[in-house]
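Colleague: Line by line, the protein sequences give chains A and B. Just so you know, we're using the working numbering here: the first sequence kicks off at 1 and counts up by one. Just so you know, we're using the working numbering here: the second sequence kicks off at 1 and counts up by one.
No lab work stands behind these hints, which were simulated from the structure alone. Hints are not guaranteed to be accurate.
[What the hints assert, rightly or not] Straight line, CA to CA, 30 Å or less: simulated BS3-like cross-link-like pairs of lysine-lysine: (1) K27/B <-> K685/A; (2) K94/B <-> K590/A; (3) K579/A <-> K68/B; (4) K27/B <-> K725/A; (5) K266/B <-> K590/A; (6) K239/B <-> K706/A; (7) K685/A <-> K91/B; (8) K391/A <-> K134/B; (9) K134/B <-> K685/A; (10) K266/B <-> K725/A; (11) K391/A <-> K275/B; (12) K132/B <-> K391/A; (13) K94/B <-> K690/A; (14) K566/A <-> K94/B; (15) K685/A <-> K132/B; (16) K590/A <-> K241/B; (17) K241/B <-> K725/A; (18) K388/A <-> K27/B; (19) K94/B <-> K685/A; (20) K271/B <-> K706/A; (21) K129/B <-> K388/A; (22) K236/B <-> K388/A.
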Amino acid sequence: MKSQRIQKLRAQSMDVQPTISEERAYLMTKFYQENEDKGYSVPVMRAKAFYYLMEHKALCFNDGELIVGEKGPKPKATPSYPEICIHSQQDLQILNDREKVNFKSEAETRKVYQEVIAPYWEGKSNREKIFEVVLPEWKEAYAAGVFTEFQEQRGPGHTVAGRQLFEYGMLDLQKRIAVSLEEHKADEAKCEELKAMHIAADAMMLYADRHAEALLELSQEENDVTRKAELEEMARVCGRVPRYAPSTFQEALQHYWFIHLGITNELNPWDSFNPGRMDQNLYPFYKKETEAGTLDKAWATELLHSFWIKFNNQPAPPKVGVTAKESNTYTDFCLINLGGVKDDGTDAVNELSYLLLDVIEEMRLLQPSSMVQLSEKNPDDFIDRAVKITKTGFGQPSIFNTETLVAQMVGQGKSLVDARGGGASGCVETGCFGKEAYILTGYFNLPKVLEITLHNGIDPRTGKPIGLETGELSAFKSINDLMDAFAKQVQYFAGIKIDGNNKIDTLFKENLPVPFLSLFIDDCIARGEDYLAGGARYNTTYIQGVGLGSITDSLAAINTLVFEEKSLTLEALNEVLAKDFEGEQELRLKMLYDLPKWGNDDDRADVFARQVFEIFHDAVTGRPTVRGGVHRINMLPTTCHVYFGSVIGALPYGRKAGVPLSEGISPVQGADTKGPTAVVKSAAKIDHLKTGGTLLNQKFTPAFFKTDQEIRKVSQLVRSYFTLKGHHIQFNVVDADTLRDAQKHPEQYRDLIVRVAGYSDYFNDLGEDLQNEIINRTAHGAF
Amino acid sequence: MIRSQQPIAKGQQPTAKKMKGIIYDIKRFAIHDGPGIRTTVFLKGCCCDCWWCHNPESRSGDIMTYEKDVTLDGHAITREETIGEAISEEKLLKEILSDEVFYTQSGGGVTFSGGEPVQQKDFLIRTLKACKAKGIHTTLDTTACFSKSTLEELEGLVDLFMVDLKFIDRDLHKKYIGVDNEGILDNLSILLNHQARVWVRIPVIPDINTGDIDNILSFLSEHIAPEQVNLLPYHKIGKHKYQKFGIAYRMDGVEEPTDDEMLVLKQKFEKQGYKTIIGG
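Work the whole structure out from these sequences, hints included.
Modeller: Okay, here's the thing in structure tokens:
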């Protein structure tokens, strides 16, 4: 049950209009203008800028809240990061005016951007530098939609809090910094980095102190006795954390939240920083206090409700150059992890896991998103409870396989205990919480590479030769010849992408270190190295493959029509595709309805998924990064399957030009006709253990989940997929009629949240093409 | 509309030794056809002619082709579709085994449904034996409309019988089902009293068999109780199929039972001590 104040705060959080705040950009600009000639080292300059920000940014207190602090000056006032990319007047106008996912800005705000912020950062922003350092081939492939680049508009973050974040205060960390400084005193670069970390910790304590003082004043003005006591307690809490390690449940939440604000203000690690294994990290506080009688379940719940609202108040930083359809969402990809196993491998589910599931269901907010890690050690009640929540239809929590997560990490060389302390973040990305920099760099358009292969290196959309000359069609005498040529093209484009990654990572490493974030990721302090320079214990860089279903069905179609039936030559097929099936309805119907398709447990198709997967894996995995780690793959699209589809012509499974690709490792929308067991059997045929995450989306109609007995069978479906080593599965439980109605009457469905791909979003905020794509995914309702 | 019927006559099936079976669907992740996650195999051909049958295309044992609408870019287009497939026992077993991991996880297995699966007795028995040899749990969803000797042949091959019980009243049965119910009730009696695992499935058709429910209860009370009673509320969803296949629809004017009516019935069965479930 939500208390009255929580209901009010929740409504406020849902209704408030997102805006652009100039505050952060202005303060950073001012600091840089005044200090650029002081001769500070880069990390110290960054830390001092951070200190200046935390010293001057406005404080915000919302009526009735129990956890305090906003990223901007008020809820949903969203900062920008001109060091990374600059919002032009046109960008601000588009963000202001566009119908969906808009960010309003006042004339005064735009004026500050025009007169102060943009003039200073032009020529200095990281985005501009990126386009200077990458190869011409990189730019061609990027423009053609072969791959995208995450770091073009955001800082490489993508990591999650480990348990140790809750175990140390800033003073503890500064003591460790002092020890490390002593150890590395001969190494100037390391000393500068460590000094920067020390300053960043000071900045955080100052920020908390400012809250404590203001809260004390508020409490003195407060007439309501109950609220007065709350404000006094909040002032006490902010006076203690994060200076010292938290000692109560409330302190732990506030401690985390201050650090969250620090990390997301320092740079924009646009996506995912979150409390990680929340039921594990908070349990010691919960247990201690409930046993001592200083905390009851109701109060713990109310504190968590207030904490949840803080996340929802922070939309993701808006993008620039708004033509890209890549990812438009307010979601900032915080993914709370519940369940899984403890360090010793035993069942980690506890009382707090269930309480947090209640909170997820009651709050029903876009952010934070949530997932359950399901281990074979976890009780059935736990997974049943989670499935019951997904039945309410907002796509949370998604379900991950603990045994696969652990096996992936151990396979990557992590210690067993570190692996057990990890989980998944963002959409589905495997990571070692508190110990790993695992950075996503961009999506890779697998079907586009096939299209280029079928045109001997030329992009048929533009006529430009952007790939290798791997042979005319007449040279492909068998499907294997085609696969060999495709593999060469994948190698080639992956090589270009990786070259770009290493150059971009170098820019960040040299120009935009993150000493504050580095405080919380082992072993940055001990090594005296920044998170972005290889300071983390483990370093991984990911490229995300997109369109597995689409390319599998394309290859299955080519194999059947051209090489088995021989009813068509490759040349003739290309002509049919070039004219987008015009005059070829019979052939197209055959392609759509009569050929083998991924997702039906049909090896005639699934064999190609495996081959494509291995080709992509071999092209990427193991190639070194500048942080001392290696590149790896995962298979997830966010919303990029829509953009990638828009740059590809017709495909041989009957898909017309421009239509969205399949998402994640899911089947092509509507192609899975044999039900969910066949889908998961297919999905399990790729080697999930070689990835850092795969995404499988299943849509069910609500009728599927009516009784406890049915819910248990859905749970068993999940467990079965996991015995086959599947990584992740998520359910969209909403019927197509509802979605169609929501398209017609958006005003009646303002709160309709649907699962997109690894995250949930408001249906109304999705572009029409993405809305249609979601409707077209098979709803397994007839079973 | 049925456009053609292929000449695979019912009469040929039982004689040929390794005759293929005629099925019209294999449904994986069937969660209402017995315990756990199951694969349900629908065999074509039925001895009964229930007025409310949801699968009228299953009555004939023949393979049929008809016209089916598919959508292409939002437009309906007519394509030919075949209902019914001749399948070998080996191929069917492979299909069944492909979901073994789900059966193991959930305590599920295979369900043979129809039509009346026993219409293709030899094929059914061969496939049941093959499933048992692989340790797959077997369920038979049946009308029990077959001879006593057939029942004996099935012994040891079926782990769970799901038996339809529509009427006790002979005349009503004859009218709405098209066959006598004497042998059916005898078979059910044998199954119940021999402590086979039995789920009795009772369709609830307002005004057609609801007046016979007390007789059904009294019939059950004379036997060892079934493991479970399923009350299956009549649904109109089958109606469009009658139009599609050009079969006369005789259920116009019959309403679906309300949730309240179903609950009252459920309580009635529970009061007699039966574990009762509404739906499959």
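Colleague: All the hints need checking, so say for each whether the structure fits it.
Modeller: Structure-based check of each hint:
As the CA atoms of K27/B and K685/A are separated by approximately 21 Å, the hinted pair is consistent with the 30 Å bound. Restraint check: the Cα-Cα separation between K94/B and K590/A comes to about 26 Å, which is no more than 30 Å; the hinted pair holds. Distance hint between K579/A and K68/B is fulfilled; the C-alpha atoms sit about 27 Å from each other, no more than 30 Å. A hinted pair counts as satisfied when its Cα atoms are at most 30 Å apart, and K27/B with K725/A qualifies at roughly 24 Å.
Between K266/B and K590/A the alpha-carbon distance is near 48 Å, which puts this suggested pair outside the 30 Å criterion. Our distance criterion of 30 Å between C-alpha atoms is met by K239/B and K706/A, whose separation comes to about 24 Å. Between K685/A and K91/B, the direct Cα distance comes to roughly 21 Å. Compliance with the 30 Å bound is thereby established for this hinted pair. In summary, the hint linking K391/A to K134/B is not supported, as the alpha carbons are separated by about 35 Å, beyond the 30 Å threshold.
A C-alpha spacing of about 23 Å is found between K134/B and K685/A, which places the hinted pair at or below 30 Å, so the restraint holds. For the given pair, K266/B sits about 42 Å from K725/A by alpha-carbon distance, which is inconsistent with the 30 Å threshold. With a CA separation close to 26 Å, the supplied pair K391/A and K275/B stays within the 30 Å bound. Annotation: proposed proximity of K132/B to K391/A is violated, straight-line Cα distance about 36 Å (limit 30 Å).
For a cut-off of 30 Å, the pair hint linking K94/B to K690/A stands: about 29 Å separates their Cα positions. Taking the CA atoms of K566/A and K94/B, the gap is about 28 Å. The hint holds against a cut of 30 Å. Proposed proximity of K685/A and K132/B is supported: the alpha carbons are some 27 Å apart, at most 30 Å. For the hint pairing K590/A with K241/B, the CA-to-CA distance comes to about 24 Å; that is within 30 Å, so the pair holds.
Restraint check for K241/B and K725/A: not satisfied, since their Cα atoms lie roughly 40 Å apart, outside the 30 Å limit. Between K388/A and K27/B, the direct Cα distance comes to roughly 24 Å. Compliance with the 30 Å bound is thereby established for this hinted pair. Using a Cα cut-off of 30 Å, the hinted pair K94/B and K685/A holds, with the two alpha carbons roughly 17 Å apart. Taking the CA atoms of K271/B and K706/A, the gap is near 24 Å; set against the 30 Å cutoff, the hint holds.
Between K129/B and K388/A, the direct Cα distance comes to roughly 38 Å. Violation of the 30 Å bound is thereby established for this hinted pair. The straight-line distance between the Cα atoms of K236/B and K388/A is roughly 29 Å, inside the 30 Å bound, and the hint therefore holds.
When each numbered hint is compared with the structure, violations occur for hints 5, 8, 10, 12, 17 and 21.
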